[in-house]
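Put together the whole structure using the sequences plus the hints.
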Amino acid sequence: MNKKILNNPEKVVEEMVEGMAMANPNRLKKVNGFNILIRSKKKQERVALISGGGSGHEPAHGGYVGPGMLDAALAGPVFTSPNPRSVLKAIKEVKTNEGVLLIIKNYSGDVMNFKMAAQKAQDEGIKCDYVIVNDDIAINNPEDRRGIAGTIFVHKIAGAAADAGYNLEETKEVANKAINNIKSKGVALAPCYSPGSGRPSFEIGENEMEVGLGIHGEPGVEVQELKSSREICKMITNNILEKMEYDKNSQFSLMINSLGATPLMELNVMAKDTLELLKNRGLTIYNCYVGNFMTSMEMKGASLTLFKLDEELKNLLNHPVDVSIKL
Amino acid sequence: MNTKKEIKIDIMVEVIEYISNKIVNNCDKLSKLDGKIGDSDHGENMKRGFKNVIKNKEKLKKKNTVRELFNEIGEIITFNVGGSAGPLFGRLFSDFGSSYEEHKYFTIEMLPSAMNSALNGVKKLGGADVGDKTMVDTIAPVVDFLNEVNLSELECNILLIKLKEEARKGLESTKLISARKGRARYLNDRSIGHMDPGAYSCYLIFEAVEEYFNDNTEEV
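Just so you know, the protein sequences line up as chains U and R, in that order.
Per my numbering, the first sequence starts with residue 342, numbered consecutively.
Per my numbering, the second sequence starts with residue 1495, numbered consecutively.
Derived from the structure by calculation, the hints contain no laboratory data.
From the three backbone atoms N, C-alpha and C, an ideal C-beta is built for every residue, glycine too.
Please note: incorrect hints may appear among the correct ones.
As the list claims (entries may be wrong) - From chain U, some residues computed to sit far from chain R (all C-beta separations above 12 Å):
no. : residue
1   : LYS383
2   : ARG426
3   : GLU434
4   : GLU511
5   : LYS518
6   : GLU572
7   : ILE581
8   : LEU619
9   : LYS649
10  : HIS660
11  : ILE666
Unchecked claim - Coverage of chain R stretches by chain U, computed from C-beta distances (three or more under 8 Å per stretch; other residues unrestricted):
no. : segment
12  : 1533-1541
13  : 1577-1583
14  : 1628-1634
15  : 1677-1684
Listed below in structure tokens is the structure:
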């Protein structure tokens, strides 16, 4: 189970970041001495956007650097937040007169390191603010909710807003509006393995699935018997809709995301099931994204994200992007 | 004991090196603990950070004041450990020394206020309190003890043993509770029965300090 194509586990992040830059020379550049990807052509006179976190979630976040989305992405050690010095370096690399917005996933380490860097940047006179994504409704208390695949929607909305000339405050505001409208939940069927130790991220029985599992292998809310796609999609969609305010006129964007090892074949079965059951409830799906957007190395499983749209969000979501993965 | 006896910067760096080696040598133990309630990388992260502390030994010896010394140690840890442990252990060290801008040496007399400041820094940064199953649970009983005790009535070797014991008690208490901070909080009650790895790392610091001074015959 635990076979990997690697040279040296200790260098995996650095080599991956170099590889992404080399494979996308017109789009991406690696910052010397840091595991940071920035755009080859820097943005001017618009708010700059930075995201990042521990590695192991590819294509997040380097895959989202480019026109229409992020200006920089940080890759920390596997599942470990980057340190404040790297975050500050990224801020300095991409800062504009309009300021910098950090998009942080809600994990203690990420929040702590990114906030420290934001503070340092402010102390040095750089306009810098942040938003925290907490779309994972597997956790009840909203303050404790983790940031998972819904983060990609926030990248896209904030990226479009920045391009449209929103200032820092307005970009933050619309990003927060999006965050409030994005809810996700996932199931996991098999663990991922640490490149260093080779240890599995969690243990699970042959015919079981963890419901609400985190993208670092944090145990979910409960272990259940593995069910059919239709039953899984129904359970998750119902859970998400319970936590959302919407009416018959609401429109949604849907994301079906693989945690790494679950193939497109299965994701598309899930897409069919989810779209059918949303239609049967009389809800309008504006568009649908199916693929690997926020993974957990080779973890088997998937997450569903619903993003409730209004006119402004819909327009921003339509803004074209040019990043290394198809969106 | 004479609570005013001076511990100079170069001796403090020796102690820090001893602490760092202890943490590096316990890497597997820490990662195993983290495997129970986290993502089993705490040991590797701490090892990466404290190896850097050891690497910078000569640079640290050139620091002029207690504040400068601990600030540098804090920076090294923050920037090399990563995750949440980086900033938290970094703050523990930097705030330990933050009040001593003029001091070219440390004395036992300064210990209560230094430890209070370190604890408050960690609490403020991480938002954790006693009972949340974090490193705060290890430090808080040590600080409580220091706030109560009359240092001049205690021999140094006894004091260090006491501090280690208080830290151990705090560490053991994390076994009995479920996490309310950090990634382990997602486990709810499934974290009960396991010690918090951050609390264990923190205990190792007190164990190392006790060993360093009590195993070296020279009196402090």
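So, going through the hints one by one against the coordinates:
| no. | hint | result |
| --- | --- | --- |
| 1 | LYS383 | 25 Å, holds |
| 2 | ARG426 | 5 Å, violated |
| 3 | GLU434 | 17 Å, holds |
| 4 | GLU511 | 29 Å, holds |
| 5 | LYS518 | 26 Å, holds |
| 6 | GLU572 | 24 Å, holds |
| 7 | ILE581 | 18 Å, holds |
| 8 | LEU619 | 28 Å, holds |
| 9 | LYS649 | 25 Å, holds |
| 10 | HIS660 | 34 Å, holds |
| 11 | ILE666 | 25 Å, holds |
| 12 | 1533-1541 | holds (count 5) |
| 13 | 1577-1583 | holds (count 6) |
| 14 | 1628-1634 | violated (count 0) |
| 15 | 1677-1684 | holds (count 5) |
The structure does not agree with the numbered hints 2, 14 stated previously, though it agrees with the rest.
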